[in-house]
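Based on these hints, arrange chain B on the given structure of chain A.
2 protein chains.
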Amino acid sequence: MLELADSLPAVAIGHQIVLDLYDCARERLDSVDVVRTALVQTARAVGVTIVEEVFHKFSPWGVSGVVVIAESHLAIHTWPERRYAAVDIFTCGSSVDLHRATRYLQRVFEAERVVKKEFRRGSEVA
Amino acid sequence: MLELADSLPAVAIGHQIVLDLYDCARERLDSVDVVRTALVQTARAVGVTIVEEVFHKFSPWGVSGVVVIAESHLAIHTWPERRYAAVDIFTCGSSVDLHRATRYLQRVFEAERVVKKEFRRGSEVA
Numbered sequence: 000m001l002e003l004a005d006s007l008p009a010v011a012i013g014h015q016i017v018l019d020l021y022d023c024a025r026e027r028l029d030s031v032d033v034v035r036t037a038l039v040q041t042a043r044a045v046g047v048t049i050v051e052e053v054f055h056k057f058s059p060w061g062v063s064g065v066v067v068i069a070e071s072h073l074a075i076h077t078w079p080e081r082r083y084a085a086v087d088i089f090t091c092g093s094s095v096d097l098h099r100a101t102r103y104l105q106r107v108f109e110a111e112r113v114v115k116k117e118f119r120r121g122s123e124v125a
Numbered sequence: 000m001l002e003l004a005d006s007l008p009a010v011a012i013g014h015q016i017v018l019d020l021y022d023c024a025r026e027r028l029d030s031v032d033v034v035r036t037a038l039v040q041t042a043r044a045v046g047v048t049i050v051e052e053v054f055h056k057f058s059p060w061g062v063s064g065v066v067v068i069a070e071s072h073l074a075i076h077t078w079p080e081r082r083y084a085a086v087d088i089f090t091c092g093s094s095v096d097l098h099r100a101t102r103y104l105q106r107v108f109e110a111e112r113v114v115k116k117e118f119r120r121g122s123e124v125a
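Respectively, the protein sequence lines represent chains A and B.
Counting in numbering that gives the first Met the number 0, the first sequence runs from 0 upward without gaps.
Counting in numbering that gives the first Met the number 0, the second sequence runs from 0 upward without gaps.
It is possible that part of the hints are untrue.
Claimed, not checked - Simulated crosslink set (DSS-like; lysine-lysine; CA at most 30 Å straight-line):
hint : chain 1 : residue 1 : chain 2 : residue 2
1    : A       : Lys116    : B       : Lys115
2    : B       : Lys56     : B       : Lys115
3    : B       : Lys56     : A       : Lys116
4    : B       : Lys116    : A       : Lys116
5    : A       : Lys56     : B       : Lys56
6    : B       : Lys115    : A       : Lys115
Treat the hints as calculated values from the structure; they're not laboratory data.
So here's chain A without its partners, still in its complex pose (with noise of 0.2 Å):
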């Protein structure tokens, strides 16, 4: 039995930034290489550690990949179809920049609109 919870305060566990990037460079949303380097470069840049990551090319078109990080996780999917990406950066850590690898993201795909969404995870913690 663990037993802990009543001593912890009631804050927000964890933050989430929803990035759907529009108007991008085809040949890179398509590129495991392009997408897995970005996304792994990202986790490095806001500082967070990596634990795990899976890449997954779909045929004919479109990559998925997500890097579990000990502050949660970074995923991103790909339609080049449509110049489109969902990228997704849940970290439970304070010090993470999430503005800054919002815009590293935009310019590594070139993407020409991003629309974001920002929420926090957990605020109703007892």
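Structure of chain B alone, referenced to chain A:
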């Protein structure tokens, strides 16, 4: 529970549900076997195609796991000491029953409260 989908645009590439599971059974959240089975069974129950999976047990507490599916991903992070789990289900298949997945996960982890956010991804693709 928060229900947002009805007001969202009809055309989108993906569909995402973000679940905060509160007041769960601690031991279940801390078992990598229970967490892995729950996420894989969720994927199977909603009929998606599993491509890769990765699970990690943290010390002293907590489990992170991601199942990459042909339709995008499922991810879970647990904080047994807070009796809290964060789940993301991101699909691009229109036939996926995400509400069924929510009910299943709530039951497995014996969550007393679930806060759900739901939104579409890539709805501005040209």
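Hint by hint, here is what the structure shows:
1. Annotation: proposed proximity of Lys116 (chain A) to Lys115 (chain B) holds, straight-line Cα distance about 15 Å (limit 30 Å).
2. With a CA separation close to 25 Å, the supplied pair Lys56 (chain B) and Lys115 (chain B) stays within the 30 Å bound.
3. A hinted pair counts as satisfied when its Cα atoms are at most 30 Å apart, and Lys56 (chain B) with Lys116 (chain A) qualifies at roughly 29 Å.
4. Only pairs whose Cα atoms come within 30 Å are accepted, and Lys116 (chain B) paired with Lys116 (chain A) is accepted, the gap being roughly 12 Å.
5. For a cut-off of 30 Å, the pair hint linking Lys56 (chain A) to Lys56 (chain B) stands: about 27 Å separates their Cα positions.
6. With a C-alpha separation of about 19 Å, the suggested pairing of Lys115 (chain B) with Lys115 (chain A) holds against the 30 Å cut-off.
Every hint from the earlier list agrees with this structure, and none is contradicted.
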